[in-house]
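Peer 1: Input sequences plus hints: build the corresponding full structure.
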Amino acid sequence: MKKFLAKSYIWILLVVMYAPLVFIAIFSFTESRVLGEWSGFSTRLYGNLLGGRMEGASSLVDAVRNTVVIAVIAATVATLLGTLAAVGIHNMRGRKREALTFLNNIPMINPDIITGVSLFLLFVFLGVAQGYTSVILAHITFCTPYVVLSVLPKLQQMNPNIYEAALDLGATPGQAFRKVLVPVLKPGMISGFILAFTMSLDDFAVTFFTRGTEGLETLSTYIYADARKGGLTPELRPLMTLIFLIVLVLLFVINVRQGRLAKKKDGAAKVL
Amino acid sequence: MSRLISKRSNWSLPYAIFLIFFVALPLVLVAMYAFQDADGRFSLESFGKFFHDPDALKTFAVSLEIAIETTLLCVLIGYPAAWILANKKYNRSAVTIILFIMPMWINALMRTLATAQLFMMLDVPLGKGTLLFGMVYDFLPFMIYPIYNVLSKMDKSYAEAAQDLGASPATVFRKVTLPLSMPGVWSGILMVFMPTVSTFAISEFLTNNKFKLFGTIIQDNINNGMWNYGAVLSLIMLVIIGITTLLSKDKGASAEEGLI
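Sequence lines, in order, name chains D and E.
Position one of the first sequence corresponds to residue 1026 (this note's numbering), numbered consecutively onward.
Position one of the second sequence corresponds to residue 3 (this note's numbering), numbered consecutively onward.
What the hints contain is simulated information worked out from the structure, not anything from laboratory work.
A couple of the hints might just be wrong.
[Unchecked claim] Under the rule of at most 27 Å between Cα atoms (straight-line distance), these lysine-lysine pairs were calculated in the BS3-like manner:
id : chain 1 : residue 1 : chain 2 : residue 2
1  : E       : Lys-214   : E       : Lys-130
2  : E       : Lys-214   : D       : Lys-1211
3  : E       : Lys-91    : D       : Lys-1027
4  : D       : Lys-1179  : E       : Lys-155
5  : D       : Lys-1027  : E       : Lys-90
6  : D       : Lys-1028  : E       : Lys-91
7  : E       : Lys-90    : D       : Lys-1028
8  : E       : Lys-177   : D       : Lys-1027
Peer 2: In C-alpha cells form, the structure reads like this:
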C-alpha cells in the first residue's frame, strides 16, 4: 500500500510535469495555426521546419544557427580558459587562491538578469558596439566557472608528480600540458564543455541584455519576441518537440555510459 | 616569458584578467551608475525615486512574496519526491530520476510558454495561481535534485541505529533523516529562490502581463534608457541575493551541489 502511494505520487508529478511538453508534441502533428485546435494529422510543420519553408523561415533558421554558433564558440573558449585557470588555481595558495575562487563563484551565484545588466553597462561604458561579439564574451563569462569546477576535482585526484616527471625528462611546459595534463583532465574538460554548452543554449536573460539593437536573435530571444507578438509560430512546435527528444536521448546516453564506466571500474577493482 | 609559463600558478592569469574585466568591473559599474544622475554626477536621486515610488515598492514586495511561496511549495512537493526517489524500496530505476532531471536541461522559456498555452486551451484564467503553478513547474527539478543527491549518499546506518534503539519511523525521519538532509534542502532553496526572485519574461507569459515582477521593471528601465534607476534596482536585487547566499552558505548549502 505504502509502495503504491509512493509510486503514484512520483507518477502523478511526472504526468503533470510532462503534460505541457506532451501537449506541444501532439499538436506538432497538425497544421492548425492556433494551438489546441486539431485539424487532422499532418507532418507538414516538420517538413516546413526542416526544409526551411515557412513565413519568416530565414529568421527562425538564423536564430537556431546563431544559438548553436554562439554556444560552440563560448563553450570552446570557456573550456580552454577554464582548464588553464583550474591548473593555476590548483597550484595557488592562500589569499590569491581565495580571491580567484571568490571571483569565479560570482557568475554562478548572480542571477542571469544581474549578469546581463552589469555586462550591458560595461559595454555601454566602454562604448563597445553590442552584437555577436558582446554576446559571446558574455556567454564565456557565465560558462567558464562551470568548467573550472569540473576540472578542479580531476586535478585533486591526479598524482602531482607526473607533470614534474615530464618536465624532468625534458618536456617543455607546453608538451607536458598536452601529453600529461590534458589526458588526465579530459573527463573533467568534457563534462565542463557539455555544461557550458547547455548553459549557453539555455540562456535568455544575458543574451537579451547584451545583443544590442542590430537584430541578433537566438532561439530564446526569438521565442520571446514571438510570444510577445501574440501567436506562437506553428513551426516552433516541431522544433520544441525535436529539442525535447534530443535532450532526452543525450541524457540517456550519458547515463548509460557513466553506468558502464562505473561497472568497468568495479570490475577492474575486483581483478586487482 | 617561458619562466612565466613554467610556474603553473600563473596559468590562471588570463582568466584572472578576464574575471576582473567581465565580472568585477561590471559590478562596480552597477554601483557607480546607481549613485549617479543622468549627467554622471554623484546623486542619490535614483534611490530616492525607488523609496518614494509606491508601484516599485509594491512590485518588490510581490516579487519577494511570489519567490518565497514558490520556494516553499517546491520544498513541500519536492522533498517527498526526492525521498521516494532516493529510497531503494520504492524506486530502483534510474529512468525516473532522469525524467525528473530532464526539464532542467530544457529552456525555461519554452517550458513556460508550453504551460501558458495549455492553460489558455483549458480556459484557465491567467493570474497569480497560474503564475505560482508555472514557477513551481519550472523550478521543481532544481529542488528535487540536490535533496535527492544528499539523501541517496546518506549513510543508512544512522537511521538503522536509531531504529534499533527503538525510534518509530516518524521519529527516525524527524530526528535523523531530515536534519542530515538539510544541506540539500538549503541548496535547493538557493537554486529555486534566486531565479524566481529575479525572473522576468516568465511572469509576463503566465499572467498575461497582469503581474509585474521586480525583474520586469529592471528590464523595462534598462530597455528605456533609464540606466541609473535600473542600476539602483539591480543593486537592491544584488543585496537580496547576497543575504540569501550568506544565509544558506551558513547552513551548508552550495550552489554547485545542485548541478549535474
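Peer 1: Against this structure, judge whether each hint is valid.
Peer 2: Hints versus structure:
Taking the CA atoms of Lys-214 of chain E and Lys-130 of chain E, the gap is near 11 Å; set against the 27 Å cutoff, the hint holds. Of the pairs offered as hints, the one joining Lys-214 of chain E and Lys-1211 of chain D is violated, with about 45 Å between alpha carbons and a cut-off of 27 Å exceeded. Restraint check: the Cα-Cα separation between Lys-91 of chain E and Lys-1027 of chain D comes to about 10 Å, which is no more than 27 Å; the hinted pair holds. As the CA atoms of Lys-1179 of chain D and Lys-155 of chain E are separated by approximately 20 Å, the hinted pair is consistent with the 27 Å bound.
Between Lys-1027 of chain D and Lys-90 of chain E the CA atoms are separated by roughly 13 Å; this keeps the pair inside 27 Å, and the hint holds. Of the supplied pair hints, the one linking Lys-1028 of chain D and Lys-91 of chain E holds, its CA atoms being roughly 8 Å apart against a limit of 27 Å. Taking the CA atoms of Lys-90 of chain E and Lys-1028 of chain D, the gap is about 11 Å. The hint holds against a cut of 27 Å. Note on Lys-177 of chain E and Lys-1027 of chain D: the hinted pairing holds, with a Cα-Cα distance of about 21 Å set against a maximum of 27 Å.
In summary, the one numbered hint that this structure violates is 2.
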